[in-house]
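Asks: Given these sequences and hints, build the entire structure.
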Amino acid sequence: MTTNKLRYERPVIQKMNTGLMNKFGTRTEYEPVTHIEGVPVKSLIEQYGSPLFVLSEKQIRRNYQNATRIFSTRYPKVQFAWSYKTNYMNAVCQVFHQEGSWAEVVSGFEYEKALNNGVPGNKIIFNGPDKTDAHLIAASQNNSLIHIDHFDELYSLIRLSEELDLKPRVAIRVNMDTGIFPKWDRFGFNFENGQAWTAITRILNSKHLDLVGLHCHIGTFMLSTEAYAMAATKLCELAWSIKEKFNKTIQYLDLGGGFPSTNTLKGSYLPGSDTVPSIDQFADAITDVILGFGFKQEDLPLLILETGRALIDDAGYLLGSVLASKRLSDGRRATILDFGVNSLFTSFWYDHKISPAQPFSQQTEEMVLYGPLCMNIDIVRESITMPILEKGDQIVVHKVGAYNMTQWMQFITLRPNIVLIDQENNTHIIRKAETLEYLELNERIPEHLQQNAL
Amino acid sequence: MRLKKNIATSGEGFIFNPSTGDSFSTNEIGSEIIALLKEDKQPNEVIERICSKYEVTPNHFEKDLDDYLAQLKDFAILEKDHGKDNK
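Sequences listed follow chains L and Z, in order.
Residue 0 is where the first sequence starts when you use numbering that gives the first Met the number 0, and the numbers rise one by one after that.
Residue 0 is where the second sequence starts when you use numbering that gives the first Met the number 0, and the numbers rise one by one after that.
In case anyone wonders, no lab produced these hints; they're calculated from the structure.
Keep in mind that this is a model prediction, so the values were computed, not measured.
Treat the hints with care, as some may be off.
Said to hold, decoys possible - The calculated label-pair distances, taken between Cβ atoms and stated as ranges, are: (1) L/D279 to Z/S18: 33 to 41 Å; (2) Z/K72 to L/S267: 36 to 44 Å; (3) L/S277 to Z/K72: 46 to 54 Å; (4) L/H34 to Z/S22: 47 to 55 Å; (5) L/M408 to Z/D65: 31 to 39 Å.
Where is the CB? At the ideal position from N, CA and C, for every residue including glycine.
Replies: Below, the structure written as structure tokens:
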């Protein structure tokens, strides 16, 4: 339809405030993001609906190749293991496995997922405090790397190994003071109080368990590289002592994950892109310690990294639409989106960058972004300056690749499609939107409740 | 539905209320609405004029106009109605 009429924009008025200038300026997200990897946002929503998670295969591979290059140019033996909990869509896992990444899992079903994805048992790292006897047996038989979390697990594994004559390859998870708060001491064995050494001694005295590595995971979204240097030092000290006292060479040191993405944590004054250390800085901190510790060249341990978030966050987008725009009692603008905290779980942690998906004028307003849930907690952004948004306008949330597709909640609305844009910019559904039928699949209604009186 | 007499406006969307010292900025359509209100146009006339010029339906614009006029009242730019129906 052709018309000579001008483009409409809702009338807005803003009071101008006087006062000291903010030296950082007010960030306004009015630069439209109309395409993702060359695919128009509009056509993605037309084809797959709104809201919609979109992942870029190219970006995942770029991130992985970049991180491996950074570490392997500094250290001779490096292995990444994809952290399944960060995003265990099978298509995503396969991208990482194709790139050469092992699997790092923290539950029985994740372990089975890795096996189903064709990962050889000896390239699966089994972490976490919850491993059943059945999974410990399977992991032992598959020659997987079992990272022992607590003494109960250690003694279970010793018992099972004796009963079934197994020879599991194990490491212990070590927790330690790395100078950061909060100290993660709930997982693994403590370094400072000697618990880790007790566990090591017990393993080395067992005829069945083969201690092949040492593991730590000092925190999440870590903003200090120094903490990794401290962690690497303490793991090296343990490996050194094991060699000295037991003449046993530790094959690998697993420094875990925890590298941050460039998302902005809630409460931060500056955006994450300005404050987060680069992977190069983390690599420097870790590899300088191990290389300088004094190991003989042939005894240098393999360095394993379980990096999750930093490898996938910026490869994920959430596309959505504006459902309504309203004014709150105090005059603030409120924009209601078609996705909420149930889908975008990470909005509890981050002030996500959100861009409009179509061009606007330079007029902006400060607003609160709500999700569609009939719940007071459903706030996507408490305050953001955006163009004049109208019902039906589309928006793009950035850096949502980590944790959302695993931690999202089935609550009030159904979970949407996830689409992968491949390296040739073709689109593929990698997880279909849920339906009521899917939701009720496992429900059972007792016979006496199968009829109602209405 | 009248703009207060002492409100100063510019064609570029700047609004100044000398009795309070407050200043405001508005967008292009907001400026046009204020110009029409200055000419004592009633809301139905404002709707007619804006809808003939811009790509918007009367229903859609009516919602936005109501909201805009409510803000003008909150900011003490419009005269008080004294209970009269706005439309």
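Asks: Would you mind marking each hint as holding or not holding in the structure?
Replies: Verification of the supplied hints:
A beta carbon spacing of about 59 Å between L/D279 and Z/S18 contradicts the range 33 to 41 Å that was offered as a hint. Taking the beta carbon of each, Z/K72 and L/S267 are about 38 Å apart, inside 36 to 44 Å as hinted. Look at L/S277 against Z/K72: about 52 Å separates their beta carbons, and that is inside 46 to 54 Å. For the hinted restraint 47 to 55 Å between L/H34 and Z/S22, the CB-CB distance of approximately 39 Å leaves it violated.
With their beta carbons about 36 Å apart, L/M408 and Z/D65 fall inside the hinted range of 31 to 39 Å.
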